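Chemist: Line by line, the protein sequences are chains A and B.
Residues in the first sequence are numbered consecutively from 1, following this note's numbering.
Residues in the second sequence are numbered consecutively from 1, following this note's numbering.
Calculated from the structure, these hints are not laboratory results.
Errors might be hidden in some of the hints.
Said to hold, decoys possible - Heads up, simulated PhoX-like pairs for lysine-lysine below, C-alpha to C-alpha not over 20 Å straight-line:
no., chain 1, residue 1, chain 2, residue 2
1, A, Lys-257, B, Lys-433
2, B, Lys-475, A, Lys-305
3, A, Lys-139, B, Lys-343
Here the structure is a predicted model, which means the values were calculated and not measured.
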Amino acid sequence: MSQGKDLLDKLARKGISRRDFMKYCGALTATLGLSSAYVPKVAAAIKKASRLPVVWLTMAECSGCIEATLRTTYPWIDTLLLDIVSMDYLDMIMAPSGQAAEKSLHDSVLRNTGKFVLVVEGAIPTGANGNFGTMGGGKTMVEVIKDVGPKAAAIIAIGTCSSYGGLPAASPNPTQAKSVSEVTGLQTINVPGCPPNPINFVGTIVNYLLFGKMPALDDKRRPLFAYGQIIHDQCPRRAHFDAHEFVTNFNSEEARKGFCLYQMGCKGPQTHNNCAKVLFNEGTNWPVGAGHPCIGCSEPDFWDKEAPFFNPIS
Amino acid sequence: MERVVIDPITRIEGHLKIEVEVNDRRVTNAWSSGTLFRGIELILQGRDPRDANLITQRACGVCTYVHSLASIRAVDNALGSQLADNGRIIRTLLLGSQYLHDHIVHFYHLQALDWVDIVSALKADPRRTEALAARISRNAHGDDVNDFFEVQNRLKKFVESGQLGPFANGYWGHPAYRLPPEANLLIVTHYLAALRQQTRTARLMAIFGGKNPHTQSMTPGGVTCATELSSERIGEFKYIWEQTMDFVDNVYLPDMIAIASFYKDWGRIGGTGNFLTYGDFPMGPKEPDDFLLPGGVIFNRNLDKIEPVDVTLITEQIKHSWYEGKPEGLNPARGETKPDFTKYDTKGQYSWIKAPRYKNEPMEVGPLARVLVAYGKKVPAVEENVDMVLEKLAVPKAALFSTLGRTAARAIETKVVGDAMGKLIVQLVENIKKGDLNICDPRPWDSMPADGAGVGLNDVPRGALGHWITVKDRKIVNYQMVVPSTWNLGPRDAADKMGPVEEALVGAPVFDTRRPVEILRIVHSFDPCLACAVHLIDAENEEVYKFDVV
Chain A
1 MSQGKDLLDK LARKGISRRD FMKYCGALTA TLGLSSAYVP KVAAAIKKAS
51 RLPVVWLTMA ECSGCIEATL RTTYPWIDTL LLDIVSMDYL DMIMAPSGQA
101 AEKSLHDSVL RNTGKFVLVV EGAIPTGANG NFGTMGGGKT MVEVIKDVGP
151 KAAAIIAIGT CSSYGGLPAA SPNPTQAKSV SEVTGLQTIN VPGCPPNPIN
201 FVGTIVNYLL FGKMPALDDK RRPLFAYGQI IHDQCPRRAH FDAHEFVTNF
251 NSEEARKGFC LYQMGCKGPQ THNNCAKVLF NEGTNWPVGA GHPCIGCSEP
301 DFWDKEAPFF NPIS
Chain B
1 MERVVIDPIT RIEGHLKIEV EVNDRRVTNA WSSGTLFRGI ELILQGRDPR
51 DANLITQRAC GVCTYVHSLA SIRAVDNALG SQLADNGRII RTLLLGSQYL
101 HDHIVHFYHL QALDWVDIVS ALKADPRRTE ALAARISRNA HGDDVNDFFE
151 VQNRLKKFVE SGQLGPFANG YWGHPAYRLP PEANLLIVTH YLAALRQQTR
201 TARLMAIFGG KNPHTQSMTP GGVTCATELS SERIGEFKYI WEQTMDFVDN
251 VYLPDMIAIA SFYKDWGRIG GTGNFLTYGD FPMGPKEPDD FLLPGGVIFN
301 RNLDKIEPVD VTLITEQIKH SWYEGKPEGL NPARGETKPD FTKYDTKGQY
351 SWIKAPRYKN EPMEVGPLAR VLVAYGKKVP AVEENVDMVL EKLAVPKAAL
401 FSTLGRTAAR AIETKVVGDA MGKLIVQLVE NIKKGDLNIC DPRPWDSMPA
451 DGAGVGLNDV PRGALGHWIT VKDRKIVNYQ MVVPSTWNLG PRDAADKMGP
501 VEEALVGAPV FDTRRPVEIL RIVHSFDPCL ACAVHLIDAE NEEVYKFDVV
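Same shape as in the complex, but just chain A (with noise of 0.2 Å):
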C-alpha cells in the first residue's frame, strides 16, 4: 500500500498521469483527423529505427515558434528530439556554438539532400542588400535560404512570419521582409500562428512519417487537419453570439459570465484555426478563454488587416 502511494506521488512529481505513449498517439491522430484505427500506425510511424533528419533555421524571428514547440506534450519535447526527428540543426539548443555548428548544418544539409525537412521560424529581410539580417559568419538570411531551401525534401513555414512575412513585414516593413516561399520561388506548408499551437506543427510531420508526403492544404497552403474551419464555428462561446449576449467591457458582469468578445474585436468570425478546439499548454487555455479578443494571427497580413484589435470587425 505505502509502497503503491509512494509510486504514485513520484510520478505525481514527475506530473506523470496516465499520458504515456499511445495517449499522445491518440491525440495526435484526432487532431489530423485520422480514425482511431491509425492509432497503432501513428504510434509505428513515430518509432522507426532512423529518424527523419530536420534542419530549423531561423530568421527575422522572435523564437516564439521554437519556444511554443518546446511546450509540445503530444508528444513530449524530449520525445521529439531524442526519438522521432533527427534535429540536426537548432540554434535554440544546439550544444555546438560558431563554426562547430556551421558544421553541423553543413554535414547535414549534405548528407540527407533531397532527404531533409526544413523548417523555417522568421521571416526574411531583403532590404539594405539582405544585411539587416546575417548569420553564420556574415551571410545574409536571404543567401542562406536561397542556398539550404532547394536541397530539402520539404519545406515547412513554422509561424506566421515566414509562412506571410508576419510582424517584420507589418507596415511600414521597414527592413522588407518577406515571406520564405516569396523568397525563394519555393512552396512551402505553412503553418502559421504567433506562436501556431505545437500540435499543429508536430501533426504535419507525424503526417509525413506516417504518409510520406505532406498533408492537404488550403489555400493558403495551410493543412486543412489544422486550419480547415474558422474558430467562430468552433467557438465555447459562440451560443453568447447567436443570443446576442455580448461583452461590452473587460470589466463587466458579461464578462465574469463569459459573454461573446465581438464587439471587443474579437476576429475569430474570420481566422482558420483550431485553437478553440485543442486548446494551448496542455489544454490549458486559449485567449478568448482568457477574455481578450481573438487577433486573428494565423491569417496573413493580420498585423494590418486585423488591427487596431479591439474594434469590431467592420
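Since the structure of chain A is already known, use the hints to place chain B on it.
Modeler: Okay, now just chain B, sitting in the frame of chain A:
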C-alpha cells in the same frame, strides 16, 4: 595573437556574433555584435496604443509577456489608468510565472551544456549517481537508480543511432569540463526532467494569459481574464506553482550549487563593475515602496552606496553601431535612430545594438544586478539565500561579481520571487472573498484621455526594461524600448568603453580557440536575448531607408 569569431552563438535567443582576441590562452579584447534588425518601433507608429502590448511582445518569444507588461504599464502611465488591485496581482503573478519558467529553461537548456559533458554521462555508475543525488538534495525530483539507468540507456541508444542531432559537434571531452561522470548523468537526467517541467510551468501563464508563449490578457488598468477568477482556476494555478517550487527547491537550486562546487575558480572570472535595476514585483498597491526587489544603481562594486535610478541620466550611444547621429547619443525620451549599415568593422561600427549608458557608464542588468542591490539594501529573503549559497560553496562575497555569481543570482532570485508568489495568490483569494472582482480600469476607451506620454519601467528575467510611449489622438506617435540585452550585449560607447559582456570576456581563459567553451560560459551567463536587444527608435525622421550598401 589570434582573432576568434563565434557566429552564431547558439543556445540564446536570436542572432549574436562574438569576436575575441586571444593571447597566451587569455582573451585580451572582445567585440559583441547583434546581427539582426527588424524595426519594431517603426511598425508601432500610428497604431492604437492598446495594440502595442501585443506587438512589442513579439520582440521576443523567450521573454514572452514581459514586453506586453512593460507596454501596458507605459500606456497606464500615459493615460492615467487606475490599476485595479486584482489587475496588479494577476500581472505580477504572470511576471513571476515568467521568471520561474525562463530561469529553469536558461539553466538546464541554454546554459548547462557549457558545464556538463553529456558524453561523459555514458561512463557513469547509476548507483553512485543515486548516492550523489541523495547527498545534494533531500528529495531530488524523486529520482532513484532506475531513473538513472533509464536515462543512461536512452542516451546510449541515441548515441548508437549515429544521429546525434543537437548534440553533434559539441565540445565533449574538453578539459574545461570538470564534473565526474556521475554528476554529468545526474544533470543530464534533470535536463530531460526540466524539459517536461517547463511545459507544466508554462501552464501558469496560460491560466491568466490565455497561452504561452505570447499571452493575450492585458488591458489598461489591469487584465481581461474575468472568468478565470474562479476557485478552480486559482486552485489549478496554485497546484502548478507548488509543483514548480518543488522543482526549484529540490532540483534547480541544489543542482546549481552542486555544479558550482566544481567550478569555484569561475567565481573570479567574467565579472563587471556597475549594476542597474529599476526594481519590480509590487507586493502591494504602493510603488516603488511595495517592490519585492528594490531599484538602485551600483558603481564599482560598492554595495554600501546604492544610488536611486534617475532615468533622465540614460543615453543610448551609437558611435560603434550601424546608425547615423551623434556618437554620444540621446536620452530615450528624445531618442532618434537612422539605420545606416556600413560594414562589420571592429575598429568602427560593428553591431545593430546600441550602447546604453547611465551617467556615461556601462551597466550590467539582470539577476545579478537585482540580487546585489537587494543584498546591499538588506532585503531579508535575498540576504538569507545569498548567504546560504556563499556558505555552501565556501566562497567569499567577492565571488558574486563573476560568471558563477551571475548564475547563482539567477537561481536565488527564482527562489525569492517564487516564494513571494504564494503571498500574491493569498491576496487574490482575499480580494475575491471580499467581493472585489474588479480586474481593470472600468472606463471605456473613448472616455480615457486621447493624448499623453508615459513610461513603463520593469525588471524582467534578463534585467531592466523600459518602454516609453507618446500618444496623440489615441494613436502612437513615438515608442521606444530600452531592453536588458541592449544594456548587456551592446558594443563600445562614444568614449570607446566596452559594453558589459565585452568587459566580462577580457581576461577569460581560452584553452582551445577552435572549441571556445569558456567564451560561451561567460556569454551565456548573461542570458542574451538578441531579438529584444535590436530595435528601432523614433520614426519622426522619414529618411530611414538610407544605406551604404557594401
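Chemist: For every hint, state whether the structure bears it out.
Modeler: Against the structure, the hints come out as follows:
Under the criterion of a C-alpha separation no larger than 20 Å, the hint pairing Lys-257/A with Lys-433/B is consistent with the structure, at around 18 Å. Among the hinted pairs, Lys-475/B with Lys-305/A is consistent with the structure: their alpha-carbon atoms are about 17 Å apart, no more than 20 Å. This hinted pair checks out: Lys-139/A and Lys-343/B have alpha carbons roughly 13 Å apart, not beyond 20 Å.
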